[in-house]
Amino acid sequence: MDTGLVVNNMCGQARSRQQIDAGWVFAQADSSEPFRAVSQFPTVNHLDLMHHGLIPDPRKDLNAKKVQWVGEKEWIYKTTFDFAEAKDAAAASQKAQHVLVFEGLDTHCQISLNGKQLLRTDNMYLQWRVDVTDQLQSGPNDLELRFESTFLVGKQLEKDQGFINKFWNGDSSRMNTRKVPCHYGWDWGPTLLTSGPWRPIYLESFVTRIADLGIDVEVAAAAGAPEENALATRLKKSSLVVPAAMYSFNSPCFIMTTVGVLGSGKI
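The letter at position 225 of the sequence shown is residue 1505 when you use our numbering, and the numbering goes up by one with no holes.
A portion of the hints provided could be inaccurate.
[What the hints assert, rightly or not] Dumping the calculated SDA-like pairs for lysine to any residue here, alpha-carbon to alpha-carbon at most 25 Å: (1) K1346 / G1450; (2) K1375 / K1346; (3) K1353 / D1402; (4) K1446 / N1456; (5) K1375 / R1297; (6) K1375 / D1492; (7) K1353 / G1384; (8) K1353 / G1465; (9) K1396 / K1446; (10) K1358 / K1439; (11) K1353 / G1333; (12) K1353 / R1297; (13) K1346 / A1317; (14) K1346 / Q1436; (15) K1345 / D1411; (16) K1345 / L1327; (17) K1439 / W1466; (18) K1396 / F1486; (19) K1358 / L1416; (20) K1353 / E1424; (21) K1435 / K1396.
[As the list claims (entries may be wrong)] Label pairs and their computed distance ranges (CB to CB): (22) K1439 / D1411: 45 to 55 Å; (23) F1443 / G1333: 21 to 31 Å; (24) D1310 / Y1405: 24 to 34 Å.
For the record, the hints were derived by calculation from the structure and aren't laboratory data. Ideal placement from N, C-alpha and C gives every residue a C-beta, glycine not left out.
Construct the complete structure from the given sequences, taking the supplied hints into account.
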């Protein structure tokens, strides 16, 4: 198994990351055309279609007009990856959690693992994490991503809201989606409504992980300085106290971190 990355946390428990970047194929969902290998990974549909000569280069001439149909179709990306539980005694004594991590999916995507739908995404900017501890199989696992037409989804959302959005460039329906606005066309570029796994995907395995880190800010005046200066006053009014959460498979625990700000403004 290619873990790609193995690190140890403060408790000495291993965390592994298995990159899922090989064996990917794609196809138009409503077509009888066969699945074809992707041109690279991460990827999007226009790159893969160009790679196989199925569309012209939209950057040249007026080719962008010839490929507008791509953004109104659904596309399927799928692969198979192997999984094996750790067999050493230390790992076997602790129950590990296995999470599929999608760094970026463009945009409305149904995620399925071994034929079971896990999640539907609707934002290309977010990282999506799915606990698959109970869905993973020892050996081969089939991962499928079905990308809807974000253009058509946005049009339906706009219709459902009952009014047309105010907008500048592109199409008014872009205001209803969390997709890069310039994909809808801009004054400096063509309309290219891409879809696909545009950022890395991997399987992360761990017993405990730090999911977030917060800072408790305390302000103190420097020696010989006025009790409160403008910086101290401003920070006191906007002080932030957030605990860091270290998630275990069984229960969370919390770590408090304090940062002192001196009257000079240095931390």
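Taking the hints in turn, this is what the structure says about them:
Restraint check for K1346 and G1450: satisfied, since their Cα atoms lie roughly 17 Å apart, inside the 25 Å limit. Annotation: proposed proximity of K1375 to K1346 is violated, straight-line Cα distance about 53 Å (limit 25 Å). Restraint check: the Cα-Cα separation between K1353 and D1402 comes to about 16 Å, which is no more than 25 Å; the hinted pair holds. For a cut-off of 25 Å, the pair hint linking K1446 to N1456 stands: about 11 Å separates their Cα positions.
Between K1375 and R1297, the direct Cα distance comes to roughly 16 Å. Compliance with the 25 Å bound is thereby established for this hinted pair. Restraint check for K1375 and D1492: satisfied, since their Cα atoms lie roughly 22 Å apart, inside the 25 Å limit. This hinted pair checks out: K1353 and G1384 have alpha carbons roughly 20 Å apart, not beyond 25 Å. Distance hint between K1353 and G1465 is fulfilled; the C-alpha atoms sit about 18 Å from each other, no more than 25 Å.
For the hint linking K1396 to K1446, the alpha-carbon distance of about 39 Å lies beyond 25 Å, and the restraint is violated. The straight-line distance between the Cα atoms of K1358 and K1439 is roughly 32 Å, outside the 25 Å bound, and the hint therefore fails. The straight-line distance between the Cα atoms of K1353 and G1333 is roughly 18 Å, inside the 25 Å bound, and the hint therefore holds. Note on K1353 and R1297: the hinted pairing is violated, with a Cα-Cα distance of about 33 Å set against a maximum of 25 Å.
Restraint check for K1346 and A1317: the C-alpha separation of about 23 Å stays at or below 25 Å, so the hint holds. The straight-line distance between the Cα atoms of K1346 and Q1436 is roughly 24 Å, inside the 25 Å bound, and the hint therefore holds. Between K1345 and D1411 the alpha-carbon distance is near 41 Å, which puts this suggested pair outside the 25 Å criterion. With a C-alpha separation of about 16 Å, the suggested pairing of K1345 with L1327 holds against the 25 Å cut-off.
Restraint check for K1439 and W1466: satisfied, since their Cα atoms lie roughly 23 Å apart, inside the 25 Å limit. Taking the CA atoms of K1396 and F1486, the gap is about 23 Å. The hint holds against a cut of 25 Å. As the CA atoms of K1358 and L1416 are separated by approximately 16 Å, the hinted pair is consistent with the 25 Å bound. Annotation: proposed proximity of K1353 to E1424 holds, straight-line Cα distance about 17 Å (limit 25 Å).
Between K1435 and K1396 the CA atoms are separated by roughly 28 Å; this puts the pair beyond 25 Å, and the hint is violated. Distance hint for K1439 and D1411: a CB-CB separation of about 35 Å, inconsistent with the stated range 45 to 55 Å. Taken as a hint, the range 21 to 31 Å is violated for the pair F1443 and G1333, whose Cβ atoms sit roughly 42 Å apart. The beta-carbon spacing between D1310 and Y1405, approximately 28 Å, falls within the hinted interval of 24 to 34 Å.
Against the hints set out earlier in the document, violations occur for numbers 2, 9, 10, 12, 15, 21, 22, 23.
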